[in-house]
Structures are given as structure tokens and as C-alpha cells.
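J.: Use these hints to put chain B onto chain A, whose structure you have.
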Amino acid sequence: MPSATYETELEIITFGDAFLSLKKHSPEYNKAAAVIYLSEEDIKKLNTSSGQTIFLKNDQGKIEAEVKLDKTCYNAVGMMPASRLINKIITVDEDFLSLKQLKVTAYT
Amino acid sequence: MTKQKLTCPACSCFCDDIEVDIIDGRIKSIDNACLKGSSLIFRTEEKNERTSCMVQGLDAKPEQAIDEAAKILLNSKNPLLFGFDHSTNEAQLAGIKLAQELGGKIDDFSSLSYGNIVNQLINKTISTCFISEMDSVNLFVYWGANPLLSHPRHLANFSYYANPGYSEMSTSRTVDLCTIDIRKNETALMSNPFCRLPPRGDADFISSVCKGLSNNEDNKKAKDFYTLLHASSSTVIFVGTGLISSMGKEITPLLEMIDSLALDIKIVPMIDQPNMRGFNQTLHEVTGSVNMVDFAGSPSENGKISFFQNIIDKKVDSILIVGADPFYKMPLQVLKHLEQIPIITVDPFITDTTKASKIVIGSSVSGVESEGKVIRMDGKEIHLPAPCPTDKLSDVQILKLILEKVKA
Chain A
1 MPSATYETEL
11 EIITFGDAFL
21 SLKKHSPEYN
31 KAAAVIYLSE
41 EDIKKLNTSS
51 GQTIFLKNDQ
61 GKIEAEVKLD
71 KTCYNAVGMM
81 PASRLINKII
91 TVDEDFLSLK
101 QLKVTAYT
Chain B
1001 MTKQKLTCPA
1011 CSCFCDDIEV
1021 DIIDGRIKSI
1031 DNACLKGSSL
1041 IFRTEEKNER
1051 TSCMVQGLDA
1061 KPEQAIDEAA
1071 KILLNSKNPL
1081 LFGFDHSTNE
1091 AQLAGIKLAQ
1101 ELGGKIDDFS
1111 SLSYGNIVNQ
1121 LINKTISTCF
1131 ISEMDSVNLF
1141 VYWGANPLLS
1151 HPRHLANFSY
1161 YANPGYSEMS
1171 TSRTVDLCTI
1181 DIRKNETALM
1191 SNPFCRLPPR
1201 GDADFISSVC
1211 KGLSNNEDNK
1221 KAKDFYTLLH
1231 ASSSTVIFVG
1241 TGLISSMGKE
1251 ITPLLEMIDS
1261 LALDIKIVPM
1271 IDQPNMRGFN
1281 QTLHEVTGSV
1291 NMVDFAGSPS
1301 ENGKISFFQN
1311 IIDKKVDSIL
1321 IVGADPFYKM
1331 PLQVLKHLEQ
1341 IPIITVDPFI
1351 TDTTKASKIV
1361 IGSSVSGVES
1371 EGKVIRMDGK
1381 EIHLPAPCPT
1391 DKLSDVQILK
1401 LILEKVKA
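Going down the list, the sequences are from chains A and B. All letters in the first sequence, in the order written, are residues 1 to 108 by my numbering. All letters in the second sequence, in the order written, are residues 1001 to 1408 by my numbering.
Next comes chain A alone, as it looks inside the complex (with noise of 0.2 Å):
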């Protein structure tokens, strides 16, 4: 694992993105989905830009995705694709009616 010189944690929210899941089949899936909008400031924290790559991880695994700028977001939250790769480190709230607030920590 490369060391972790800056991180932040973050809370991810995924939304529903129809067009994504048309290219479900296709190589520039896995692109389309590893992708991250994160406030200002966390991108600010994670001393990375638009356009880099950063490391998301929990106790469910480790995922890499591209930080894009949403100056709408919300301080410590990224916004995700639903997606194959975000239910890599997604998990199951205890009574498993519904998913769990999914924490990450998020590092460069």
C-alpha cells in the first residue's frame, strides 16, 4: 500500500446514473464509474486537483477513483456513481434492510 501522505475521511453518497449502467458492458465502464466529486476543501486537504486519483478505503476494501471538483458538494462527503466498483467497499447495515452509511478514508 503507497503511503499515505495526505487523507481526509469522507462519507460517500452514491446516485443512480442510468446511462452509466448502458455501458455496464463496455471497456470504458470501469473509467466512468471510478469517479469522485468532492468539495474544495477536501480537495484542498487531500493536496490533489481535478483530474488525479485517489484512494478510498474501509474494512471492506480499497478502491481508486478520480477526483472531479463539484463546487456544490458538501465539506467531507463525495458523491459517487452507483456502480461495480463502489459496491467493492459498500456495506450492510445490521439488520440489513439497508445500506450502511458508508465511511471511507480517502488518501493520495
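Derived from the structure by calculation, the hints contain no laboratory data. Even glycine gets a Cβ: it sits at the ideal position worked out from N, Cα and C. Hints are not guaranteed to be accurate.
Here chain B is said to cover these stretches of chain A; the calculated rule only asks that three of the stretch's residues, wherever they fall, bring their Cβ under 8 Å from a Cβ of chain B [unchecked claim]:
# : segment
1 : 14-22
2 : 67-77
3 : 82-92
T.: Just chain B, lined up with the frame of chain A:
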């Protein structure tokens, strides 16, 4: 070449103004469909995207795959039937009868999303209306929904742009579009106002709206929304998954807000899976529950145990999935529990789920190759014609054949 009408089966809008050019029984061009709809319709023509019948990875005849499926289901003590949200009402009913016969469980994706709302809509404890009754509406609110990505023609065919009060000139427009969401999504960009709420901030926002203008000094957004609702003589709130997940599938605070405001406000769920409402209504007619039914007991009971929980608790020993792709949508944490469970999938297309299935039974595409009835998101029953009939079995035929084998 013949031109035929088609009702798009891609989402719960079921747009009925689609025209297709058919040559030699196959679709060559499509008019009026959105990208989502045309993608699904054209996929029916892509042979490499269609399923054939397979048993343990080997090609099989439909009868052989159906026979093997019936054997697995008969030999299991706790079968679970899941999906049906892309199936017609007729197939859903056949699936329910099969679950009854097997004494198994049946569920769909609504147990993770719209189940509670649809249950209340069916029981008429929520005020709602058909899309055809929305001409007098002058405020459309998309709450936790982004129709431009989920239901691309919703605004144009059913709400804002289709409303008689809409005009290109904002000065003569008498209908408003409001979006409430955590992010400034594509629909929010064209809405006025857009209320941006923090994660899980919907309940607080609703509570603030209930307070009205006088006791709500700090919350400008809530005051503005309150004023907007009062300025409208008729409002429709389209409830999306964003609101449902924010409030833990419990929208009682929203209903209490509507009651306390005493205004003409209707609720319509922005159901994402095409015929989820059909499944909920069909199951409700048979059992009184909209999802999560267990036929092991007598009479059937609402086990209140979702697909996820059944899998994680290892309460199932075989799964029949019809027209759904849970392997694409489920967290890896849940998928890990499926490794030892035989899965039978009925689907017209190759999906992550068919790839993981022991038995695959390729079916026709409802609404393109086979006809049937469905229920639109607003509760209206729609008939799907079949402009391109095929020799592939429909999901209803497949389920009836499995049922016959199980009964034999």
C-alpha cells in the same frame, strides 16, 4: 418495411409514443425513444448480448434448462424467488404461484426502496394521482430524484414540459419546477428553486417546513419551500430514492408535513425498475403484502426479511432470479454469501447475474418480443404490445412450465 408503435419497457414511464421501423421482423430504427429506451430496444437485436439456455455453463435446450431448474427448486427446502421488476404482471403472477407451490420466499428490489410507499399507495393512505390528472398542477417537485438521468423523458412527457402551464417564455409560465437533493444534479440545474440538503437532512428540512414562516427564522430554504407550496394550488411531489434512503425508507414525516399544510399535494414514486409497482400490486392482491413474502407458513406471511438478509442469514438454499441483475447492484459483502447457493436466472440479456448462475433460461424481451400488462409508476395499467414476436419463450411461459414440472 413496416412502421409500428411500441411502448418502451426500459423504465417505469412506459412511453407509448415510440415508433420502430421493422424489416424482416427485426427493428432497424427507432423514433422518439430516449437513449435508455433505444439502448434496450436495440439490445434485443444484438445476438451477442442475448442469453441462450445453459446448464452449468453448457448450452442446453430450453426444456432441459427448465427441467433442471424445476429439479433444483423441488430439491431445495428454502427456495427464494427474486426480481420480476422487468416482467409483466402475468409473469409476476406466475412467479407468485410458483413460490406458493414451492412454499418458498418471494421478494423484489422494492424491499430496499419503494415497498413502503407503494404499500401505502395501494392502501390509499397516501394521496396520489394519475399522470393524466396532472394538467392542473402548477408545481412539480422532484425530491431525491434526478429524472434527466433516471427517467429521461419524464419531464417532457409527464410533468413540467408536458403541463399546459409551461411556456418557453418564463414570464408567461404558470408552472414551477423545484428539485430537492443533496447534489446539484442535472434536473436541479433547470429547477427554480433548487433546495440543497445535507446528508440525511431531509427529516430536519421537513420538520422546518412544518413550522411555517413565523417559527422558522433560521431556515431560509424551508421558508422558501413553504411559501412555494402555499403559492401553488396543486402540487405533485415525485419521491426518489434519494429521499427514501435519507429517511430510511420511512416517509411518514413527509406525509405528516402534507397533512399539516392542508394543501393539494399528491405523491408519485419515481420508481426506477420498470414494473416494480406491478410486482407490488400483484403480490398485494394475492397475499396482502407488497414484498418479502414467505409461503412456508400457512397462510402466507410477510416475513419482513429482505433478499439481502435472507442471503446473509443463509436462509435460502436455491434462488430463482427473474428479470433482475442483483449481481450488478449488490454489495460485494452480500455477493460473497451466494457462492454456495445454486442460482437459476431467467433473463433475455447476458448480465452479471446470468454469468454467476448455474442455470440460465433465455427469455424474450417483454414489450418488444412478447406482450403483457404492466403498472406505470403512477399506478396506471399499461398494455405492452409485442411488435417483434420471437420463438423465444416469454418469462411467463417459462415460469408456467417450471410450475407444471414442480406440480407433476
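J.: Hint by hint, note whether the structure agrees.
T.: Results for each hint:
no. : hint  : verdict
1   : 14-22 : holds (count 7)
2   : 67-77 : holds (count 5)
3   : 82-92 : holds (count 8)
Checked against the numbered hints given earlier, the structure satisfies every one of them.
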